[in-house]
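K.L.:
Each chain, letter by letter, is given below.
Number of protein chains: 4
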Amino acid sequence: MQDYIFEIQLKVRDYELDLQGVVNNAVYQSYLEHARHEYLLSTGFSFAELTQQGIILMVSRIEMDFKNPLVSRDEFVVKIRTERQGVKMIFFQDIYRLEDNVLCLKAKVDAIAKVNNKLSRGEIFDTILQ
Amino acid sequence: MQDYIFEIQLKVRDYELDLQGVVNNAVYQSYLEHARHEYLLSTGFSFAELTQQGIILMVSRIEMDFKNPLVSRDEFVVKIRTERQGVKMIFFQDIYRLEDNVLCLKAKVDAIAKVNNKLSRGEIFDTILQ
Amino acid sequence: MQDYIFEIQLKVRDYELDLQGVVNNAVYQSYLEHARHEYLLSTGFSFAELTQQGIILMVSRIEMDFKNPLVSRDEFVVKIRTERQGVKMIFFQDIYRLEDNVLCLKAKVDAIAKVNNKLSRGEIFDTILQ
Amino acid sequence: MQDYIFEIQLKVRDYELDLQGVVNNAVYQSYLEHARHEYLLSTGFSFAELTQQGIILMVSRIEMDFKNPLVSRDEFVVKIRTERQGVKMIFFQDIYRLEDNVLCLKAKVDAIAKVNNKLSRGEIFDTILQ
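Protein chains in written order, with the working numbering: chain A, 1 to 130; chain B, 1 to 130; chain C, 1 to 130; chain D, 1 to 130.
Looking at chain A on its own, in the form it has when it is part of the complex:
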């Protein structure tokens, strides 16, 4: 198994909590997106600029296992490893609570790219991975 190639530390914000007092499930998906976009930036690519150039990066499928809920004041890290599969770039993204390194979320995110409205064969992903 490939090692993690990128990570970002974040902190729970209270407006992300729901009436159960835990981070709402949908918010994790936002955390994952933000981590991927920061990873992109670290490779020299901006999601916003790619979009303006007509290179549309899209999530085609996502799987998330919710292991342990994050709560108010928790700090956490989103770790990423990647795999190229055909037209796809697969992001394996895991969220750990910083305090005790407990796994909170395990996710697999399939991304595809459209260029000028056509599904690309994933050349953009090869470029990013170099």
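The hints are simulated quantities; they were obtained by calculation from the structure and are not laboratory data. This structure is a prediction, so every number in the text was calculated from the model and none was measured. Errors might be hidden in some of the hints.
Because identical chains share one entry, a pair is satisfied inside a single copy or across any pair of copies.
[As the list claims (entries may be wrong)] Straight-line alpha carbon distances no greater than 16 Å define the calculated EDC-like cross-link-like pairs of lysine to aspartate or glutamate that follow:
hint : residue 1 : residue 2
1    : Lys-106   : Asp-3
2    : Lys-88    : Asp-65
3    : Lys-106   : Glu-63
4    : Lys-108   : Asp-3
5    : Lys-79    : Asp-65
6    : Lys-108   : Asp-65
7    : Lys-11    : Glu-83
8    : Lys-106   : Glu-7
9    : Lys-114   : Glu-63
10   : Lys-108   : Glu-63
11   : Lys-106   : Glu-49
12   : Lys-79    : Glu-123
13   : Lys-88    : Asp-74
14   : Lys-67    : Asp-110
Dock chains B, C and D against chain A, hints included.
P.N.:
Just chains B, C and D now, kept in the frame of chain A:
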């Protein structure tokens, strides 16, 4: 395959769109949650009241296939069918654009229940399904 | 005082609640935006299409008085009246709980328009108001 | 005028952008809330714990002037100064873009506290300010 047992019609709100001009991926998860809670209400149970009673309904896993993006002004329907599996209640949730009945999202959501902080064997789900 | 010229009925979604069990303050701002965009549509204009045409409608100032919190299951109505003031269009937006007509939020929203990146004198608003 | 007494640095996340490619107006309100809660923590108080103890801090009124939009990749700082006024604690909160120190948002937030469901005279705020 069981038929859909519940559906709810909603409309895209512009604040749900991201810089690509489509509904942001994480927002679909919110749509799905809202549909499940409305389904619960239709069976006589309130998510908020269950939470207050110490019955914590949680999503343990989610799978989503993003088929076609929703955009500004789109109206759509979230359809639900359910299955009991061990301690879990499985929600199969599909989102269709109303205008042309195109499938936009296909999801499988595994829910579990904790009662007084212990994993329940899912009796609450049997009660709901009756 | 001018009468309300538009209203839209909505229902609280549980993911909009925060750890206090009430609709999070920021969510009201989203309700208000959605109501304004639906009002726009009712006059024949789409916020998304205007944006694509380079007509950027923006909020320059907002005032909100939080009177009574909305909670799970609440249905409510957002009512709008408008005034033209110089380059601005002022939206007075009030939110009432449907069940008992209690005032939940009172807001004043100042909107301006930029056309091709220049502040417009508000002609677009005059067109809308006709 | 009192000096700023607290500040927090944050970075725009792409999911906070709307179809105009700028941070959605409602998101600024979330930024402000997060900054206030972090300020609270810096004085030794947790919003979540106060809520559990029946001390409900609430926003009664908010005024926001949107000066310059934040966009993808922007880093910014939320600065806070406070004033006690009767039962209220007033937060003056300004957001500056870090790169060039441009003022992006100017806000005034009135907070009140309810203790056991009764409006407090603001003793909790005096305690925080000590």
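K.L.:
If a hint holds in the structure, say so; if it does not, say that too.
P.N.:
Now for the hints, and whether the structure bears them out:
In this assembly of identical chains, the alpha carbons of Lys-106 and Asp-3 lie at most 16 Å apart only when taken from the same copy (15 Å versus 31 Å across copies). For a Cα distance limit of 16 Å, the shortest separation of Lys-88 from Asp-65 across copies, 14 Å, qualifies, whereas the shortest one inside one copy, 21 Å, does not. Both within a single protomer and between protomers do Lys-106 and Glu-63 lie at most 16 Å apart by alpha-carbon distance, with minima of 8 Å and 12 Å respectively. Taking the shortest Cα distances, Lys-108 and Asp-3 sit within 16 Å of each other inside one copy (15 Å), while across copies they are farther apart (29 Å).
Taking the shortest alpha-carbon separations for Lys-79 and Asp-65, only the intra-copy value of 15 Å comes in at or below 16 Å, while the best inter-copy value is 22 Å. Both within a single protomer and between protomers do Lys-108 and Asp-65 lie at most 16 Å apart by alpha-carbon distance, with minima of 9 Å and 12 Å respectively. When the C-alpha separation of Lys-11 and Glu-83 is checked against a cutoff of 16 Å, the pair qualifies neither within a copy, at 27 Å, nor between copies, at 28 Å. Taking identical chains as interchangeable, the C-alpha atoms of Lys-106 and Glu-7 lie at most 16 Å apart only when both belong to the same chain, with a minimum of 14 Å there against 29 Å between chains.
In the homo-oligomer, the alpha carbons of Lys-114 and Glu-63 never lie at most 16 Å apart, since the shortest distance is 21 Å inside one protomer and 22 Å across protomers. For the homomeric pair Lys-108 and Glu-63, the shortest alpha-carbon distances inside one copy (5 Å) and between copies (9 Å) are both at most 16 Å. Taking the shortest alpha-carbon separations for Lys-106 and Glu-49, neither the intra-copy value of 29 Å nor the inter-copy value of 28 Å comes in at or below 16 Å. Taking the closest pair of Cα atoms, Lys-79 and Glu-123 never come within 16 Å of each other, the shortest separation being 24 Å inside a single copy and 36 Å across copies.
For the homomeric pair Lys-88 and Asp-74, neither the shortest alpha-carbon distance inside one copy (33 Å) nor that between copies (28 Å) is at most 16 Å. Within a single copy, Lys-67 and Asp-110 get their C-alpha atoms only as close as 20 Å, which misses the 16 Å cut-off; across copies the closest is 12 Å, which meets it.
Checked against the numbered hints above, the structure breaks hints 7, 9, 11, 12, 13 and satisfies the rest.
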